[in-house]
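Those sequence lines, one after another, are chains A and B. Numbering-wise (this note's numbering), the first sequence opens with residue 1 and increments by one. Numbering-wise (this note's numbering), the second sequence opens with residue 1001 and increments by one.
Everything labelled a hint here was simulated from the structure, so no lab data went into it. Yeah, the Cβ is synthetic: ideal placement off N, Cα and C, and Gly gets one too. Be a bit skeptical, because a hint or two may be false.
[To be verified] Stretch-level coverage of chain B by chain A, calculated; a stretch enters the list once three of its residues show a Cβ under 8 angstroms from a Cβ in chain A:
{"#": "1", "stretch": "1270-1278"}
{"#": "2", "stretch": "1359-1373"}
{"#": "3", "stretch": "1408-1415"}
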Amino acid sequence: MLSACPPVRLSAQDSQFGIRGLGTPGRFETVRVRSTGGAFGPFDALSPLTEASLGDLQGLAATAMGGTSYRDVDAAAGATTSLRATRFPVMVLAGPVFGRLVLSGGFTTYLDRTWDVTLRDSLLVRGTMLPYVDELSSDGGVTDLRFAAAWRVSRRLALGAAVHVLSGSTREAAARTFDDTTYHALKQSDETRYDGLGVSGSLLIDPLPELRLSLFARSDNRLRARLGDVVTAQTDLPNTFGGGLRWAPSPSVRLAGTVTRRTWADAGPGAFNTVNWSAGLEVGAGFSPLRVGVRGGQLPFGPGATAATEVGFAAGTGRAFARGRAIVDGSLEHLRRTGAGLSERVWSFLLGFTVRP
Amino acid sequence: MRAQRVAWLAAVLAGCVDRATAPGVCPTFCPSGRIDVVDTVLAASIGRDSTFRGYVLPFQAVAMTASDVPGAVDSRVVFVTQALPASVALNTADTTTSPLVGSDSAKITLTVTRRDTSAHDQTLRLYGLPVTIDSNTTFADVQGAFAGAPLRTVNLDSLLAKPNGVDVTTGDSAGIDTTSKQLKVTIKLDSLQAPYVVGDTGKLGIGVRVGGAGPTSIAFCSRENACGATVAWYIKVDSIKGTDTTLIHKPFPRGSIFDTFLFDPPPAPPDSTLAVGGAPSARSIMRITLPRAIRDSSQIVRATLLLVPAVPARGAPVDSFVVEAHTVAADFGAKSPLVLDATRTDTTTIHVGATDTLRVEVTNLVQFWAADSTRPEVLMLRSQVEAAQPTEIRFYPSAATLFRPALRITYARRFPFGQP
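The shape of chain A in the complex, shown without the other chains (with noise of 0.2 angstroms):
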């Protein structure tokens, strides 16, 4: 299913509430993690969340996952409108390359900045006034690329750390179509490129056989928007502090949740520093586990004078084939939205898949 999307676009979930902002943040989870509501993310030696649960990793592994979601939007005025993207936000390969140090490389979304809104209005040229449609689109986004290690210092400690090179582009275009065809349509596009650079460091404690916790920081510097060579725009991006715990009170059932805290205020105005939290079951150590998790917490950008929320559950399963070498991952998710004069409810449908040969 995935190869036969032809649209490949590093871009996560967009949503309203990005556009006025950076952009939508995309969560660095694979789909077993996405399942859990993120819950496991700490603890997920694929996902891009945390590098020392890479220290759990036997042999070399990749992943990828890929999703379609359907939004509806809800404004004030009533209207509702349905929205369908299709993205490929995370791939990791990782392994052992020296005894206990692992090392990966992949890239995730950090920031979707994909949308298409259409404006009905009128202005006052030459003593009328004129009726028109603009269109405002923004097609990219900006891609964590990481370069991770990890080293599992003893069985009860790993200790991880990586750099992030953010990079990416968007395609902007704004046009404008006057009812009166006297006036000539009018649009404009531009390619604005994005740079970045952060690093992050994390690890992983086991006080008790079947209890784990996790604790893990990043630092971004700053995303800094060209226009050519011309730097049009330079924001401050967060710094981001976590922490998760697991329990496994049997081999076939894990408990965990997750809090995470990133101070996109930094960003400027209309930004707020968020908290976000999940919790997750997975039950089944065999080839076909059950996941379910719930998540909530807010979202960086929307207008008001308090962060919009964001409140949503998952669920979902794999199947591993070949004897655990590959693995398929299903999820399904719902997530809703609700800031200051719109609110959002999305369905996500979502792949992933695990090799590891």
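For chain A, the structure is supplied; the task is to place chain B on it using the hints.
Frame of chain A; chain B shown alone:
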């Protein structure tokens, strides 16, 4: 099973197609950037303007106008038909020819390209003219020939009202030609009205005046447009049987070798104004200097050339004409070659008698200049059908500070891309 696979594949592919366009909830959920449209009048951007006359002469025009507007213009069409041979073969198998000794009748056909349908009792009057008329002939030269009684007078409205447009009494007819879709008027002349004059080798000089219940005008197609006046002779030849003559019943067609129109008063001499139209045709050239900010960094939405008439266009009300605005391939003044491209030509209609500010939409041209900075920003105004009618318009030039030509431009500034 196969149908299920097809349905599954269709569902997969449908899911791959993004649907991203949504109505904007502005300003809270819209991009911060806006399309900024500006409207401005560039009063001082037009300069170094002048008028040149003589591009097309009346006898080179694709149409000829006959007008009768007392106090404004009196215009008449004149033409000379081709000569007849001295003798013709009576039958196709004949090896000998018989000399022409006279005419029985002739039918003159005129193609009307434009007619004053609002005029009542529009009449055409045909006059005999000397066959020596040429491009040097003036209105005064043929005044005497037009002073006499006309050869024929035909009421167009009456003729068109007859069944099939045919007057069985006079032999005249009028109707729409199925090929050209133009009105063709055929007027029959007898042997006295269209005599065969050996000295003129059968040429006919004909003048046409138009009249009506009020001021009126009509335009005929010219030989330059391959639809000039024609004459179909019915001739008499010496049968070489004593003194008897034989009438050739089949028409003997002849075209015209010269046609033009003459009018009074003649065109006003050039002055400081900008003239467009008339016969010989006049063109006006204008050099435009677009501000670099507009030319290089904006998108032209609409551009209108504003021209203030110095005098109203004179002529029959029906003689409205179209003025074209062209750009030029290179600026060589009067001899600047026009860029004849329909997508880079803007037009407007000049109404006779109007004194309102004339607005010519020149958006195509200004966009053309903005797209290619190597193009000269030169505007040439000319009549769409040059020298086909005496009507012309005169505008104030850039030297007239209060009424100078101006360019009104509506443009969009560069959109602020690259802003969060």
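Query raised in the report: Among the hints numbered above, which are violated by the structure, and what are their numbers in rising order?
Result: Failing hint: just 1.
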